[in-house]
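2 protein chains.
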Amino acid sequence: MRQSHLFTKTRKDIPSDEISKNAELLIRGGFIHKEMAGVYAYLPLGLRVLNKINDIIRDEINVIGGQELFLTTLQNKDTWEKTGRWDDNVVDNWFKTQLKSGTEMGLGFTHEEALASLMKNHINSYKDLPRFVYQIQTKFRNEARAKSGILRCREFLMKDLYSFTRDEKDLDEFYEKAKQAYVNIFKRVGIGDETFITFASGGTFSKYSHEFQTVCDSGEDIIFLSREKNIAVNKEVYTDEVLADLGLKKNELEEAKAIEVGNIFKQKTKFSEPLGLTYADEDGNVKPVIMGAYGIGPGRVLGTIVEVYHDEKGIIWPESVAPFHVHLISLCKGEEMKKADELYDMLVKKGVDVLYDDREGVNAGSKFADSDLIGIPKRIIVSQKTLEKNSVEIKHRNEEKSELIGIDQL
Amino acid sequence: MRQSHLFTKTRKDIPSDEISKNAELLIRGGFIHKEMAGVYAYLPLGLRVLNKINDIIRDEINVIGGQELFLTTLQNKDTWEKTGRWDDNVVDNWFKTQLKSGTEMGLGFTHEEALASLMKNHINSYKDLPRFVYQIQTKFRNEARAKSGILRCREFLMKDLYSFTRDEKDLDEFYEKAKQAYVNIFKRVGIGDETFITFASGGTFSKYSHEFQTVCDSGEDIIFLSREKNIAVNKEVYTDEVLADLGLKKNELEEAKAIEVGNIFKQKTKFSEPLGLTYADEDGNVKPVIMGAYGIGPGRVLGTIVEVYHDEKGIIWPESVAPFHVHLISLCKGEEMKKADELYDMLVKKGVDVLYDDREGVNAGSKFADSDLIGIPKRIIVSQKTLEKNSVEIKHRNEEKSELIGIDQL
Numbered sequence: 000m001r002q003s004h005l006f007t008k009t010r011k012d013i014p015s016d017e018i019s020k021n022a023e024l025l026i027r028g029g030f031i032h033k034e035m036a037g038v039y040a041y042l043p044l045g046l047r048v049l050n051k052i053n054d055i056i057r058d059e060i061n062v063i064g065g066q067e068l069f070l071t072t073l074q075n076k077d078t079w080e081k082t083g084r085w086d087d088n089v090v091d092n093w094f095k096t097q098l099k100s101g102t103e104m105g106l107g108f109t110h111e112e113a114l115a116s117l118m119k120n121h122i123n124s125y126k127d128l129p130r131f132v133y134q135i136q137t138k139f140r141n142e143a144r145a146k147s148g149i150l151r152c153r154e155f156l157m158k159d160l161y162s163f164t165r166d167e168k169d170l171d172e173f174y175e176k177a178k179q180a181y182v183n184i185f186k187r188v189g190i191g192d193e194t195f196i197t198f199a200s201g202g203t204f205s206k207y208s209h210e211f212q213t214v215c216d217s218g219e220d221i222i223f224l225s226r227e228k229n230i231a232v233n234k235e236v237y238t239d240e241v242l243a244d245l246g247l248k249k250n251e252l253e254e255a256k257a258i259e260v261g262n263i264f265k266q267k268t269k270f271s272e273p274l275g276l277t278y279a280d281e282d283g284n285v286k287p288v289i290m291g292a293y294g295i296g297p298g299r300v301l302g303t304i305v306e307v308y309h310d311e312k313g314i315i316w317p318e319s320v321a322p323f324h325v326h327l328i329s330l331c332k333g334e335e336m337k338k339a340d341e342l343y344d345m346l347v348k349k350g351v352d353v354l355y356d357d358r359e360g361v362n363a364g365s366k367f368a369d370s371d372l373i374g375i376p377k378r379i380i381v382s383q384k385t386l387e388k389n390s391v392e393i394k395h396r397n398e399e400k401s402e403l404i405g406i407d408q409l
Numbered sequence: 000m001r002q003s004h005l006f007t008k009t010r011k012d013i014p015s016d017e018i019s020k021n022a023e024l025l026i027r028g029g030f031i032h033k034e035m036a037g038v039y040a041y042l043p044l045g046l047r048v049l050n051k052i053n054d055i056i057r058d059e060i061n062v063i064g065g066q067e068l069f070l071t072t073l074q075n076k077d078t079w080e081k082t083g084r085w086d087d088n089v090v091d092n093w094f095k096t097q098l099k100s101g102t103e104m105g106l107g108f109t110h111e112e113a114l115a116s117l118m119k120n121h122i123n124s125y126k127d128l129p130r131f132v133y134q135i136q137t138k139f140r141n142e143a144r145a146k147s148g149i150l151r152c153r154e155f156l157m158k159d160l161y162s163f164t165r166d167e168k169d170l171d172e173f174y175e176k177a178k179q180a181y182v183n184i185f186k187r188v189g190i191g192d193e194t195f196i197t198f199a200s201g202g203t204f205s206k207y208s209h210e211f212q213t214v215c216d217s218g219e220d221i222i223f224l225s226r227e228k229n230i231a232v233n234k235e236v237y238t239d240e241v242l243a244d245l246g247l248k249k250n251e252l253e254e255a256k257a258i259e260v261g262n263i264f265k266q267k268t269k270f271s272e273p274l275g276l277t278y279a280d281e282d283g284n285v286k287p288v289i290m291g292a293y294g295i296g297p298g299r300v301l302g303t304i305v306e307v308y309h310d311e312k313g314i315i316w317p318e319s320v321a322p323f324h325v326h327l328i329s330l331c332k333g334e335e336m337k338k339a340d341e342l343y344d345m346l347v348k349k350g351v352d353v354l355y356d357d358r359e360g361v362n363a364g365s366k367f368a369d370s371d372l373i374g375i376p377k378r379i380i381v382s383q384k385t386l387e388k389n390s391v392e393i394k395h396r397n398e399e400k401s402e403l404i405g406i407d408q409l
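Residue numbers (numbering that gives the first Met the number 0), protein chains in the order written: chain A, 0 to 409; chain B, 0 to 409.
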C-alpha cells in the first residue's frame, strides 16, 4: 500500500486522559482511535493487525474441531433469568437497553446462556455430542474503571469457544486440546515466551480454571511464577493449600505483574442444567450436557503485544502480526522516484506485504520517525545514495545496524 | 466438511411468530437462529454465505479506493448533539444505554457523526483529500415492527462506505464509481438481473438519492420500473414533476414490489459543517469537506437472495455465495462407504468446496430433502448402483434431470 494513500496520519499528541502505553503508541501510530474511555475504533493499520491475530486464532481453533458462528449482541431477559445472571447484583457490568415496547434487553458480555439455549435445537442425543462452537464477536462490559487502553474495554472483540460433551472425561480431553491450541496461538502471535499457564479460581464448579498470563509490568494481575517449571499461580488462589496441591514451594516462585490474555474454564452443568440443555444416552437416560468455555480477547492480545514489544521510539511488531512485513521508504526525488516505484511494483508482484512511503515533501528524519513508531519489522530504504550503488539499505526495526544489498539480490 | 460433524440440524418447525419466507427457509436449513424478533444469529452455514457476500463487497469497494476500518457501537451523546440527531424526536430508532456513571450512550444506527469527528485528526488540507473509508460492522435500530426476517432487523451487519472530497465535482465522480461498484456487487452475488437503480428522495441537500431495488413480491417498497430503460422511481418521489425531470412517461412504467438492497446518498456538508470537518484549500481558505454515504446490508442481501431464489423444497443458492459448491451425498453402506470417503478426500484435495453427507442411518429421501432445503448448487450422489458402473450421479439444484458420469471424469 502507498503511504500517500493511507488516510491515517501519525500523531504527536494523544488524548489527555490516556495513560496506557499501548493506547498511546497505537493512537500515535494511527492504529486505533479513542471514541471514549474503554471504547476504541480500529483504523486500517490496526484492523490489519487485528485480522492477522483473528486468523491465527481461527486456524488453531478450527484444527481442534471448532465450528464458527456469530451470535447476537442483543440478549433476552428471559434466557438470562434462568441462570440468575440477569440481576445487576449478580452481574455488575451489564449494559442494558430497551425495545420501543419497553421490553428490557441486555448487551451480551458473554454468551453461555444464549448459546446453550440455541444448542437445544441441535443436541438431543449422545450421537449429537461432542460439539465445539466458537465466534469472534463484540462484547460489552460496563467497566467502572477503563484506564488500560485496549487491555480493558467497555466494548471489545472476544473469541469465545464453548465445548459441549457428554461427560467429564470428554470435557477433560477437549480441555487439554484447547490448552494446547492456546499455547500455539500465543506462540504464533509472538508472546509465547512470556505467557504462562496460570492456576486460578475454578468458581463453584471446578477446583481450578486456567488463565494464560503474559508477564508484563503494565499487567493488572499478580501471579507467582516458576519459569523453570513453566507454571504459575494467580494471587487469588496463592495459598499454602493450593501450593501443596500443585507441588510448588514459595521460595521457587517469583512474583510478577501479568496481563490475562486468555482463560479456559470447566463450567460442567452450571449453565446446561438451569437452561435445560440435555441429551439422552444409549439407554435413554436424560442427562445434562457438560460445558466448557475458552476465551481470548484479540484486542487485548494486540495491546499486550504492544506492551511487550516497544521501545522509546514506537512499536516493534512480531512478523506474524505486523500490519505489513516490509516498510519501503523512498528518499528519492524527481526522476529517481520512478526507480522507487519500480521497486515497489516488483515487491508487490512477488507477493510481499509492503507499505511504501512514497510521500513527497516529507523529510528523511520524519519518515524514519514514523517508521519506528509504526514498527514494521523490516525497513528497506531507497535513495539517490543507494541507487548510485544499484542497491538498497536494509534495517530491522529491532536492530541498530543496517546493510546495503544489491537490488538484484532483493 | 462432513455433514456428520456439522453441529446444526435441519428443522421441520420454525418459530411460531415467523412469517417471512427468508427466515423460514434459513431457520429450517440451519443457516440462522432467531434470538428474538429482528435479531438473528448466524450459524456455520449462514456465516459461510455471509462471509462470501462480505468478501465480494470488500473486493469491489477496495478496487475504487476504499480503506477498511472498524468503528464502535457505543456512541457519544456530545458528538450526536452537534448534528441534532441525538434527539429521539429526530431519530426514532435509537437504542440507548448508560455507563455506571449515568452518562448516556447510544448504539450506533449509522456512523456519519462518529466518522466525521474521527476524520478531523486526519484531514487538514486539500492534500489529504479525497478519502474513501468503509467498514462492515453491526448496526442497531430500534424498529417498532420487525416482521420481515433478516430483511429488517434490530441488529444487523452493514457495509457503510463514506467519501470525503474537496468539492462536488469530486463527489460526483466518486458517486458514479460507487454506483458502478454496487452494480458489480449485485451482479456478482446473483441478483443483478432483478436489481434496478431507483431514484429516491435526496433529503434536504440533494435532488435525488439512488436506491438499489431488487424486484420481489415480498418487498416492502413500491417502485415504478422501466425494464427497457433500466431505471426505476421510488413511489415516494413518483410525481409528474420528477417523471418529467427524468424524461419518463407513466405508461412505460410498471409498478412492482421491491427490496432496497443498497443506497447511495450525497450528504454534501450536512455532517461536516456542524461537526467542523474542514480543510484548507491551495489559497488557505477553510472549507467544509464534502461527504457522501454508500450503504449495503450484507444480511439483507442474503435474505433477498433467498426470497428471489427458492422453490417449495428450499433455497437455490447462486454459485458465488453458496455455502458450498458441491453437496456430495453418500447412499453407501458398510464397505462401500470407503469409496465415498475416497471420493470426498479427492474432491477436497482438488480444492473443491464440498459438504459431504456421510451420515449413516439417514435414508435417501431425508438426505435429498435436506439437500434441497440447504440448496447447494451441484449435487453428486454416490451409491451402490452408481459404483457398479464406476460412476456418480450429478444433478443441479435448479434442474430436474440428472446424469451419470464416470468417476475418472469427475
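Rather than coming from a laboratory, the hints here were simulated on the basis of the structure.
Every residue, glycine too, gets a C-beta built ideally from N, C-alpha and C.
Just to be clear, a hint being listed does not mean it is correct.
[Unchecked claim] List of simulated lysine-lysine pairs, BS3-like, C-alpha gap at most 25 angstroms:
| # | chain 1 | residue 1 | chain 2 | residue 2 |
| --- | --- | --- | --- | --- |
| 1 | A | Lys33 | B | Lys8 |
| 2 | B | Lys76 | A | Lys138 |
| 3 | B | Lys76 | A | Lys95 |
| 4 | A | Lys234 | A | Lys312 |
| 5 | A | Lys332 | A | Lys248 |
| 6 | A | Lys11 | B | Lys119 |
| 7 | B | Lys81 | B | Lys286 |
| 8 | B | Lys394 | A | Lys8 |
| 9 | A | Lys206 | A | Lys8 |
| 10 | B | Lys384 | A | Lys76 |
| 11 | B | Lys33 | A | Lys99 |
| 12 | B | Lys332 | A | Lys146 |
| 13 | B | Lys337 | A | Lys126 |
| 14 | B | Lys332 | A | Lys119 |
| 15 | A | Lys99 | A | Lys119 |
| 16 | A | Lys138 | A | Lys178 |
| 17 | A | Lys146 | A | Lys234 |
| 18 | B | Lys146 | A | Lys33 |
| 19 | A | Lys146 | B | Lys337 |
| 20 | A | Lys20 | B | Lys33 |
| 21 | A | Lys286 | A | Lys168 |
| 22 | B | Lys8 | A | Lys286 |
| 23 | A | Lys394 | A | Lys377 |
| 24 | A | Lys126 | A | Lys8 |
| 25 | B | Lys138 | A | Lys138 |
| 26 | A | Lys33 | B | Lys119 |
| 27 | B | Lys377 | B | Lys394 |
| 28 | B | Lys332 | B | Lys384 |
| 29 | A | Lys286 | A | Lys338 |
| 30 | B | Lys286 | A | Lys8 |
| 31 | A | Lys95 | B | Lys146 |
| 32 | A | Lys384 | A | Lys337 |
| 33 | B | Lys33 | B | Lys20 |
| 34 | A | Lys206 | A | Lys228 |
[Stated by the list, open to error] Just so you have them, the derived chain B footprint on chain A, three or more residues with Cβ under 8 angstroms:
| # | stretch |
| --- | --- |
| 35 | 66–75 |
| 36 | 113–121 |
| 37 | 143–155 |
| 38 | 195–209 |
| 39 | 265–271 |
Here is what the structure says about each hint:
| no. | hint | in the structure |
| --- | --- | --- |
| 1 | A/Lys33 with B/Lys8 | violated (42 angstroms) |
| 2 | B/Lys76 with A/Lys138 | holds (21 angstroms) |
| 3 | B/Lys76 with A/Lys95 | holds (17 angstroms) |
| 4 | A/Lys234 with A/Lys312 | violated (34 angstroms) |
| 5 | A/Lys332 with A/Lys248 | violated (65 angstroms) |
| 6 | A/Lys11 with B/Lys119 | holds (15 angstroms) |
| 7 | B/Lys81 with B/Lys286 | holds (18 angstroms) |
| 8 | B/Lys394 with A/Lys8 | violated (55 angstroms) |
| 9 | A/Lys206 with A/Lys8 | violated (50 angstroms) |
| 10 | B/Lys384 with A/Lys76 | violated (54 angstroms) |
| 11 | B/Lys33 with A/Lys99 | holds (19 angstroms) |
| 12 | B/Lys332 with A/Lys146 | violated (61 angstroms) |
| 13 | B/Lys337 with A/Lys126 | holds (21 angstroms) |
| 14 | B/Lys332 with A/Lys119 | violated (30 angstroms) |
| 15 | A/Lys99 with A/Lys119 | violated (29 angstroms) |
| 16 | A/Lys138 with A/Lys178 | holds (22 angstroms) |
| 17 | A/Lys146 with A/Lys234 | holds (22 angstroms) |
| 18 | B/Lys146 with A/Lys33 | violated (36 angstroms) |
| 19 | A/Lys146 with B/Lys337 | violated (58 angstroms) |
| 20 | A/Lys20 with B/Lys33 | violated (42 angstroms) |
| 21 | A/Lys286 with A/Lys168 | holds (15 angstroms) |
| 22 | B/Lys8 with A/Lys286 | holds (20 angstroms) |
| 23 | A/Lys394 with A/Lys377 | holds (6 angstroms) |
| 24 | A/Lys126 with A/Lys8 | violated (55 angstroms) |
| 25 | B/Lys138 with A/Lys138 | holds (14 angstroms) |
| 26 | A/Lys33 with B/Lys119 | holds (13 angstroms) |
| 27 | B/Lys377 with B/Lys394 | holds (6 angstroms) |
| 28 | B/Lys332 with B/Lys384 | holds (12 angstroms) |
| 29 | A/Lys286 with A/Lys338 | violated (71 angstroms) |
| 30 | B/Lys286 with A/Lys8 | holds (20 angstroms) |
| 31 | A/Lys95 with B/Lys146 | holds (23 angstroms) |
| 32 | A/Lys384 with A/Lys337 | holds (15 angstroms) |
| 33 | B/Lys33 with B/Lys20 | holds (14 angstroms) |
| 34 | A/Lys206 with A/Lys228 | holds (21 angstroms) |
| 35 | 66–75 | holds (count 10) |
| 36 | 113–121 | holds (count 5) |
| 37 | 143–155 | holds (count 3) |
| 38 | 195–209 | violated (count 0) |
| 39 | 265–271 | violated (count 0) |
When the structure is compared with the earlier hints, violations turn up for hints 1, 4, 5, 8, 9, 10, 12, 14, 15, 18, 19, 20, 24, 29, 38, 39 and for no others.
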